[in-house]
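**Student:** Go ahead and model the full structure; you've got the sequences and the hints to work with.
2 protein chains.
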Amino acid sequence: MTSADTRPGRAASRIDGFAAVVPAGGAGTRLWPLSRAGAPKFLHDLTGSGRSLLQATWDRLEPLSGAEHLLLVTGRSHADAVRAALPGLRAGNLLLEPSARDSMAAIGLAAAVLEHREGPDAVLGSFAADHVIDDDEAFGDAVAQAVATARTGAVVTIGITPTGPAAQFGYVRSDGPLSVPGAPDALRVAEFVEKPDAATAAGYVASGDYRWNAGMFVVGAGVLLGHLHEQLPTLADGLREIAAAWDSDGRERVLDAVWPGLVKIAIDHAIAEPVAAAGGVAVVPGAFGWDDVGDWDSLATLLPGAASRVAVLGDDDAVLGLAATGLVVAGSGVPGRTVSVLGVPDVVVVDTPDALLVTTREHAQSVKGLVGAWRERGRDDLV
Amino acid sequence: MTSADTRPGRAASRIDGFAAVVPAGGAGTRLWPLSRAGAPKFLHDLTGSGRSLLQATWDRLEPLSGAEHLLLVTGRSHADAVRAALPGLRAGNLLLEPSARDSMAAIGLAAAVLEHREGPDAVLGSFAADHVIDDDEAFGDAVAQAVATARTGAVVTIGITPTGPAAQFGYVRSDGPLSVPGAPDALRVAEFVEKPDAATAAGYVASGDYRWNAGMFVVGAGVLLGHLHEQLPTLADGLREIAAAWDSDGRERVLDAVWPGLVKIAIDHAIAEPVAAAGGVAVVPGAFGWDDVGDWDSLATLLPGAASRVAVLGDDDAVLGLAATGLVVAGSGVPGRTVSVLGVPDVVVVDTPDALLVTTREHAQSVKGLVGAWRERGRDDLV
Numbered sequence: 008m009t010s011a012d013t014r015p016g017r018a019a020s021r022i023d024g025f026a027a028v029v030p031a032g033g034a035g036t037r038l039w040p041l042s043r044a045g046a047p048k049f050l051h052d053l054t055g056s057g058r059s060l061l062q063a064t065w066d067r068l069e070p071l072s073g074a075e076h077l078l079l080v081t082g083r084s085h086a087d088a089v090r091a092a093l094p095g096l097r098a099g100n101l102l103l104e105p106s107a108r109d110s111m112a113a114i115g116l117a118a119a120v121l122e123h124r125e126g127p128d129a130v131l132g133s134f135a136a137d138h139v140i141d142d143d144e145a146f147g148d149a150v151a152q153a154v155a156t157a158r159t160g161a162v163v164t165i166g167i168t169p170t171g172p173a174a175q176f177g178y179v180r181s182d183g184p185l186s187v188p189g190a191p192d193a194l195r196v197a198e199f200v201e202k203p204d205a206a207t208a209a210g211y212v213a214s215g216d217y218r219w220n221a222g223m224f225v226v227g228a229g230v231l232l233g234h235l236h237e238q239l240p241t242l243a244d245g246l247r248e249i250a251a252a253w254d255s256d257g258r259e260r261v262l263d264a265v266w267p268g269l270v271k272i273a274i275d276h277a278i279a280e281p282v283a284a285a286g287g288v289a290v291v292p293g294a295f296g297w298d299d300v301g302d303w304d305s306l307a308t309l310l311p312g313a314a315s316r317v318a319v320l321g322d323d324d325a326v327l328g329l330a331a332t333g334l335v336v337a338g339s340g341v342p343g344r345t346v347s348v349l350g351v352p353d354v355v356v357v358d359t360p361d362a363l364l365v366t367t368r369e370h371a372q373s374v375k376g377l378v379g380a381w382r383e384r385g386r387d388d389l390v
Numbered sequence: 008m009t010s011a012d013t014r015p016g017r018a019a020s021r022i023d024g025f026a027a028v029v030p031a032g033g034a035g036t037r038l039w040p041l042s043r044a045g046a047p048k049f050l051h052d053l054t055g056s057g058r059s060l061l062q063a064t065w066d067r068l069e070p071l072s073g074a075e076h077l078l079l080v081t082g083r084s085h086a087d088a089v090r091a092a093l094p095g096l097r098a099g100n101l102l103l104e105p106s107a108r109d110s111m112a113a114i115g116l117a118a119a120v121l122e123h124r125e126g127p128d129a130v131l132g133s134f135a136a137d138h139v140i141d142d143d144e145a146f147g148d149a150v151a152q153a154v155a156t157a158r159t160g161a162v163v164t165i166g167i168t169p170t171g172p173a174a175q176f177g178y179v180r181s182d183g184p185l186s187v188p189g190a191p192d193a194l195r196v197a198e199f200v201e202k203p204d205a206a207t208a209a210g211y212v213a214s215g216d217y218r219w220n221a222g223m224f225v226v227g228a229g230v231l232l233g234h235l236h237e238q239l240p241t242l243a244d245g246l247r248e249i250a251a252a253w254d255s256d257g258r259e260r261v262l263d264a265v266w267p268g269l270v271k272i273a274i275d276h277a278i279a280e281p282v283a284a285a286g287g288v289a290v291v292p293g294a295f296g297w298d299d300v301g302d303w304d305s306l307a308t309l310l311p312g313a314a315s316r317v318a319v320l321g322d323d324d325a326v327l328g329l330a331a332t333g334l335v336v337a338g339s340g341v342p343g344r345t346v347s348v349l350g351v352p353d354v355v356v357v358d359t360p361d362a363l364l365v366t367t368r369e370h371a372q373s374v375k376g377l378v379g380a381w382r383e384r385g386r387d388d389l390v
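Those protein sequence lines, which keep their order, are chains A and B.
One gets the numbering used here by counting positions in the first sequence from 1 and adding 7 to each.
One gets the numbering used here by counting positions in the second sequence from 1 and adding 7 to each.
If you're looking for bench data, these hints aren't it; they were derived computationally from the structure.
Take these hints with a grain of salt, some might be off.
Unchecked claim - Here are the computed distance ranges between Cβ atoms for each label pair: (1) Arg58/A <-> Asp322/B: 32 to 40 Å; (2) Ser315/A <-> Arg384/B: 16 to 24 Å; (3) Pro311/A <-> Ala294/B: 56 to 64 Å; (4) Ser315/A <-> Asp322/B: 34 to 42 Å; (5) Ala46/B <-> Asp388/A: 25 to 33 Å; (6) Ala209/B <-> Thr207/A: 50 to 58 Å.
For glycine and all other residues, C-beta sits at the position ideal for the given N, C-alpha and C.
**Tutor:** Structure (structure tokens):
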């Protein structure tokens with residue numbers, strides 16, 4: 008799964024009244040040393056496509072929403088990198104957070120700006136900037152169904168059809184079909200569940216009622232802010248206050264005054280879980296390849312051949328594997344530099360200019376421990 | 008075993024009539040990518056002492072022979088590097104080979120030069136430029152006994168007292184004591200034997216009659232050339248012809264005329280084995296730590312702590328190991344660059360500017376295969 012489906016004549020088409028929101032945050036610490044606070048995961052090309060995850064996200068969403076209705080929310084420190092990566096991004100659609108306030112504030116701000124600009128019936132879809140999707144057409148179909156479902160007043164998620172009993176993802180449980188015009192696949196959601204153990208995951212998948220929670224939410228701007236106002240009125244009011252000033256000279260002044268006081272909470276806890284408990288969430292199954300590329304083991308799974316040889320992210324000619332399998336990220340930036348791996352199964356080698364990581368797929372989840380250890384040694388420059 | 012014994016008052020002392028010969032050859036391919044054709048093993052500091060193996064060899068021998076009687080034989084391409092490493096080396100004692108002609112020609116040339124300068128009774132001791140020895144005093148004692156034994160007309164080797172049943176070394180079998188004034192430990196040699204299998208090696212060590220063949224030969228110049236003349240008269244004559252011109256204007260002319268025709272043979276086959284069969288070889292046991300550092304596994308054995316943690320050759324602060332053991336060579340030359348190893352037992356990581364190697368101690372013997380594979384890819388610049 009390394010490139011989008013680009014079969015001719017099957018391009019995704021514009022969805023009326025739909026706006027895409029891309030929250031681009033998180034350092035992706037488990038993908039250290041490639042992903043850093045200053046160069047987070049979404050700015051890297053992790054599939055060898057020639058496009059960063061952020062750019063691939065743009066490429067996937069822009070045909071559905073149009074550039075005018077594609078909003079990106081990120082930290083101020085990433086502004087220059089994002090502008091350089093996305094020359095089509097409208098200046099007013101780059102929502103720069105003065106500080107990290109978790110996903111509810113990020114997505115809620117975009118919803119409030121949309122509501123202010125387009126009215127409460129505008130439907131937004133929020134999609135992470137650093138996930139990998141392998142079939143843009145199927146993705147577009149799912150978004151169109153989700154938008155249709157959102158027009159009934161539901162909070163809609165796109166749940167990924169599992170390809171196996173993954174224990175590293177949360178799940179969405181459905182309990183029966185809905186009857187929504189334009190959304191034949193939509194189902195009612197019973198609950199969101201946390202990452203299971205392997206046996207539980209196998210049961211989930213066998214039941215047919217569970218899909219991976221990919222953190223994709225599609226909802227009317229007014230509906231979202233209405234739910235938010237019920238749960239956290241101060242947060243909803245603050246976001247609407249900022250939004251009202253967004254397209255004016257007062258943007259920065261209001262932002263700096265209000266933002267620091269906003270509560271930090273994930274949209275899952277603020278909206279998805281309580282609204283699901285009240286019966287207000289729907290799921291549209293997504294039958295496309297998806298991965299959040301959470302760690303080096305996930306990336307090895309995505310890259311062709313990593314189970315039988317050393318797969319390379321970067322220049323293939325620079326890497327030699329003998330009696331080895333796994334993944335080499337050739338990212339030193341030094342022309343002609345080579346990496347040789349001999350006799351190490353499931354190896355992970357990540358070569359960056361200032362930090363080299365050598366581990367195995369099995370230990371991918373523990374990479375965070377290295378980041379912490381380097382920080383303790385005073386090497387904040389590496390993380 | 009990383010530094011010489013430097014206890015005060017026990018310095019090794021000059022041995023009258025003794026000349027040291029250091030053949031510095033071989034690319035050390037199994038220590039790739041640190042060791043290369045252009046920067047062979049002897050030019051590297053493999054113990055973290057701050058001195059290359061060549062410099063440590065000089066430091067060990069110069070007190071025994073004096074600089075005037077320390078001869079170094081190496082390829083012309085290494086002349087500048089050797090001169091820079093050994094400022095005390097006399098110009099006339101740097102014997103530059105126009106091409107590689109194996110150890111007999113190299114050591115034989117030094118013997119012939121010595122014979123011409125000092126007469127046939129001069130005793131020479133030949134010691135590799137790229138071995139590690141941890142007790143210069145015990146080494147000096149063994150050399151002194153070997154010189155005394157050589158004065159009886161014997162070809163003498165210093166055989167290392169085994170610390171275990173090593174299968175990677177050849178052995179010297181003794182069959183009884185000699186009575187040599189000044190050499191109380193000298194023994195008669197029955198034979199040299201090739202690298203054994205593990206079970207055979209265990210039997211050798213248990214018998215007490217076997218010592219490691221470290222390739223150290225101590226012998227009178229006239230005795231050596233006499234044996235050589237018996238076995239390979241043309242080679243002996245050629246070396247004496249070059250030696251006669253060595254300290255004259257004709258050196259280069261004679262060298263270029265004669266050297267290309269010299270036979271390629273190791274001193275072991277040309278002298279040591281046939282003379283041992285005739286009863287003419289003696290061994291002085293060497294009770295000091297010794298290793299030929301043949302591959303990365305050997306080096307890991309030499310470095311303190313590699314069995315329980317990640318030992319570092321280079322800057323300790325640049326390396327972080329979690330749940331890992333083995334060896335990291337931090338030799339990128341990039342200031343501040345770091346190496347992190349997570350969850351790999353017995354790892355070997357060798358980071359050089361243009362080539363990174365990741366393997367395990369178990370695969371150390373197969374590193375040559377990588378060198379061959381890079382050559383096949385046309386990357387002669389790496390090897």
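**Student:** Now tell me if each hint is right for this structure.
**Tutor:** So, going through the hints one by one against the coordinates:
1. Arg58/A <-> Asp322/B: 32 to 40 Å: 37 Å, holds
2. Ser315/A <-> Arg384/B: 16 to 24 Å: 20 Å, holds
3. Pro311/A <-> Ala294/B: 56 to 64 Å: 57 Å, holds
4. Ser315/A <-> Asp322/B: 34 to 42 Å: 37 Å, holds
5. Ala46/B <-> Asp388/A: 25 to 33 Å: Given a distance of about 30 Å, which is inside 25 to 33 Å, the answer is holds.
6. Ala209/B <-> Thr207/A: 50 to 58 Å: 53 Å, holds
In this structure, every one of the numbered hints holds.
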